[in-house]
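Enquirer: Each chain is listed here by its residues.
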Amino acid sequence: MPASNAFVLRVTNLAKRYGQGCPSCYALTGPAFATNICPCCGSIVACHDIGFDLEEGEILGIVGESGSGKSTLVRCLYFDEEVTGGEAFLAAYGKGGVNLFAESSQRKRFIRNHLMGMVYQNPLLGIKPHFTAGGNVAEKLLTADVYNYADIRARAASLLTRTEIPRARMDDFPARFSGGMQQRVQIAKALANNPPLLFLDEITTGLDLSVQARVLDLVKEIQRELGIAMLVVSHDLGVIRMLADRTAVLKNGRMVEIGLTDQILEDPQHQYTQLLVHSML
Amino acid sequence: MGYVAVTGGTAAILRADELVHYYRVRGGSTPLEVRQIRDQQRLAVDKVMGEGSLYAPTIAALALKQAEGDSIEASFILRAYRATQPRRYASLAIDCCRMQVIRRISGAFQDIPGGQILGPTRDYTQRLVDFSLLEERESIVREFLDRARIETAGKALPDSFPKIVSLLRREGLLEDPEEGDRTLRDITRESLGFPYPRSAKLQSLARGETGAMMALAYSSIRGYGDIHPYLGELRVGYVPMYIRHPARPEPVYVGKVLVTEAEIIAQYAEGEKGTVPKLSLGYGLCFGHNELKAISMGILDRAMRSKSACKAPAEDEEFVLYHIDGIEASGFVAHWKLPHYVTFQSTLDRLRRSQALKEESKDAESQGD
Amino acid sequence: MLNLKAIERKGGYNFAFLDENTKREIRRKTLKAVAIPGYQVPFASPELPIARGWGTGGLQVTMSIIGPDDTLKVIDQGCDGGVNAVNIRKLLVKTTGVGTTFDTAAASIIQTRHRIPEEPMSGRQILVLQVPIPEPLRFVEASMAKTREMHSEMDYSRMWVFLYENIVKWGEITIGARYPSLVNKRYLIDPSPIPRWDVPKLHMAETLYLFGAGREKRIYAVPPHTSVEPLEFEDIRFRVEDFSGKACVRCGSDHTYMNEIYGGPGGGKLYVCSDSSRCDKLRAQRGEAKTHAGK
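Protein chains in written order, with this note's numbering: chain A, 1 to 281; chain B, 1 to 369; chain C, 1 to 295.
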């Protein structure tokens with residue numbers, strides 16, 4: 001792959017369709033038609049023709065309303081969903097020249113476990129309530145082939161401390177934690193294997209405002225300390241403004257605009273982005 | 001060093017065998033005739049045939065005699081016998097419209113074409129101990145039979161009845177049978193993965209243990225994943241069986257078997273978007289006269305097809321099919337009677353170690369104070 | 001060891017009870033199990049006149065591989081004389097007429113429940129283990145459909161977390177028997193409820209180990225010269241049962257798996273070999289030695 005800048009993640013032509021599909025699916029959906037449902041066959045075109053580079057140490061925001069395809073996009077990249085088309089490359093995998101989507105499920109598992117971290121909106125998608133907080137972090141380490149008990153303990157303790165989970169709660173079950181605490185356990189777990197790439201999917205949605213602020217601060221600090229590249233999905237421009245260096249705007253499954261976050265917020269080019277920005281102000 | 005390990009298993013087993021025999025006959029009464037069991041313990045025999053999955057009333061009755069009335073033990077004996085029999089033919093699909101019914105009712109309709117036929121049922125009798133049976137003699141029975149002159153099995157009734165469900169289907173109120181995998185799989189000769197094809201699901205249910213199936217079906221209708229069933233139709237009667245023989249062009253009649261069939265109409269299905277809502281069907285069929293089993297089977301068949309995101313136990317195919325087999329369940333529950341002292345020794349080793357570690361950490365804490 | 005021509009009907013039943021087609025099917029599944037060490041091969045598991053959970057899987061495997069020239073040994077808890085061993089031996093002898101032995105070294109097929117004999121075995125022998133629960137992941141996941149998927153992706157992280165949390169809670173892994181072990185660096189197996197003491201015997205062995213789970217309808221195998229590694233952390237190792245300072249009251253052996261029995265004077269504790277035939281052998285040898293010394 002010829003690369004202009006050093007990319008961490010490169011995505012080209014990503015498409016995801018639910019339903020049987022027909023030849024008109026892509027032609028008759030998108031912002032121009034204000035829908036992602038194909039009028040001919042009823043299939044849902046959740047994502048189509050999405051492409052971008054995520055650069056080293058960068059936070060890329062993905063913004064859009066519900067149904068725009070932003071969550072589907074990260075779920076595809078984390079292999080929770082199978083793509084319908086397109087390619088993705090990780091600099092840390094196969095020298096950036098191997099299409100991740102074409103790999104076997106075992107290889108995909110390896111990539112997920114060793115090279116990616118994920119934080120879902122619902123903490124219980126990312127952590128298991130019947131494992132202890134430490135056990136959840138341990139799980140990520142164990143999948144990344146760390147088999148030294150003392151090392152696992154130490155790393156789990158330091159990560160949980162870093163995400164402000166008291167050391168005394170390390171061996172408790174997250175089922176009894178508050179939503180904000182569960183979310184911080186999930187972040188600790190996502191960071192456990194030192195991934196070069198982290199996905200954050202609406203991580204503050206559903207949390208109290210004060211808790212939201214603390215979680216966002218935490219993400220920002222971690223990014224500064226560790227320099228991890230992040231893909232941050234949110235419907236909330238406030239979150240995007242606070243975290244993202246660059247931002248991509250999604251609408252009806254298509255990417256309508258991408259650029260520096262400041263520029264997107266101050267001088268939106270696409271009509272839909274303008275609407276989005278103005279509705280926030 | 002006077003210890004002698006406990007052995008002598010052979011002698012003990014032989015002695016236990018003898019004692020079983022002794023306990024069966026020690027009362028000194030006239031030995032039970034197998035025919036008596038077959039005729040007068042009809043429902044027990046039917047249950048054993050169903051769970052043993054072999055239609056053989058005399059052998060089932062014999063197994064009941066041998067097992068001193070323990071129906072799971074008798075089913076087990078019958079099933080083990082079945083495993084030694086070659087499978088020479090597969091019958092053609094039976095047609096329950098051609099059933100010679102002895103009983104046929106519907107709970108969903110007041111009246112049905114052909115009429116509700118109550119038949120031999122205890123449903124509307126009072127469960128009072130009938131002390132007159134203490135004095136039942138052959139002469140009394142003979143007198144009753146002469147006086148009653150009851151005609152059964154189709155002589156007084158027509159040869160065929162239409163199905164209630166086919167009427168509903170004709171009116172577009174009931175969904176059509178699912179297409180899916182219609183091949184016939186033999187669960188006794190093939191190992192299958194989940195999800196089971198429908199033929200395998202129904203086979204597993206048909207040889208399931210009545211009590212286990214009833215408990216799961218009960219859990220469903222009581223509220224854990226209720227499918228709101230109605231009893232569309234319950235039939236008990238004799239169906240003719242045919243096979244194909246290479247030497248004959250026509251199907252060959254091989255005999256008739258008594259079966260119970262239940263068609264459970266359930267709340268209309270969740271269907272695909274945009275399709276017309278329709279009622280759906282659960283199907284139950286088992287050997288002999290066993291209404292609770294047929295109804296439970298119908299409920300479970302439908303419950304397992306539930307598309308609910310959060311599955312109740314009775315809706316989880318793997319949960320239901322792995323736990324209703326009486327032979328498997330009874331074997332594993334009973335196996336705890338086998339010696340386990342080697343593994344128990346291993347458990348004790350771990351427990352002592354865990355206790356020692358707890359003591360050590362307590363000591364360490366108290367030293368730290 | 002199987003000579004089809006020599007097969008004859010015994011007591012109204014086919015040689016070794018099962019019909020030839022069924023045996024062939026089980027052998028096919030067994031070969032597959034040998035070809036993919038540690039992989040649980042589903043099979044149809046015909047009914048036997050022995051209850052499910054009482055050794056049917058082991059019996060099915062033994063019945064499908066046994067021939068008239070075999071010498072059979074059957075043990076339960078390491079003992080040839082236990083009621084279940086006797087019952088299983090009785091069925092096999094009744095339907096095959098093969099010769100039996102208590103001597104581990106003299107047997108060509110050994111069917112066992114919960115133990116692997118203490119005496120080393122050779123490449124000419126097969127050990128058939130009876131398995132109640134073939135799924136090592138049952139500790140952490142009840143659904144077979146899900147565990148199948150976890151095996152296919154070699155996703156054993158939940159088992160590892162189970163072990164991690166064991167240590168957090170108890171200071172050490174508390175699994176006694178049925179210790180989860182990785183075969184050929186690929187598939188995790190439940191080695192059947194053998195004590196941890198016996199697990200190292202599976203590793204790079206001379207003998208073929210066949211595992212039959214009748215009720216659960218699975219066959220799996222550890223072929224000779226195949227690695228079998230109990231799951232352990234780099235710093236918290238797998239440990240076998242501790243019998244230090246104990247010796248068998250019958251043969252005096254102090255390096256053997258022992259049963260502890262409340263049998264001493266005043267309800268005191270006694271230790272006795274679990275492997276009864278080795279214990280007897282040692283006693284016989286000691287007897288001979290005495291005779292020699294007496295001359």
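Possibly wrong hints are sitting among the right ones.
[As the list claims (entries may be wrong)] Derived lysine-lysine pairs resembling PhoX-like cross-links, with alpha carbons at most 20 Å apart:
1) Lys169(C) - Lys358(B)
2) Lys201(C) - Lys185(C)
3) Lys146(C) - Lys311(B)
4) Lys269(C) - Lys246(C)
5) Lys128(A) - Lys185(C)
[To be verified] Computed Cβ-Cβ distance ranges for the label pairs, DEER-style:
6) Lys337(B) - Glu149(C): 47 to 57 Å
7) Ser366(B) - Pro224(C): 47 to 57 Å
8) Glu149(C) - Ser308(B): 19 to 29 Å
These are calculated hints, taken from the structure and not from any lab test. Every residue, glycine too, gets a C-beta built ideally from N, C-alpha and C.
Enquirer: Now tell me, hint by hint, if it's right for this structure.
Expert: Each hint tested on the structure:
no. : hint                              : in the structure
1   : Lys169(C) - Lys358(B)             : 10 Å, holds
2   : Lys201(C) - Lys185(C)             : 17 Å, holds
3   : Lys146(C) - Lys311(B)             : 15 Å, holds
4   : Lys269(C) - Lys246(C)             : 11 Å, holds
5   : Lys128(A) - Lys185(C)             : 27 Å, violated
6   : Lys337(B) - Glu149(C): 47 to 57 Å : 35 Å, violated
7   : Ser366(B) - Pro224(C): 47 to 57 Å : 52 Å, holds
8   : Glu149(C) - Ser308(B): 19 to 29 Å : 21 Å, holds
Going through the hint list in order, the structure does not satisfy hints 5, 6.
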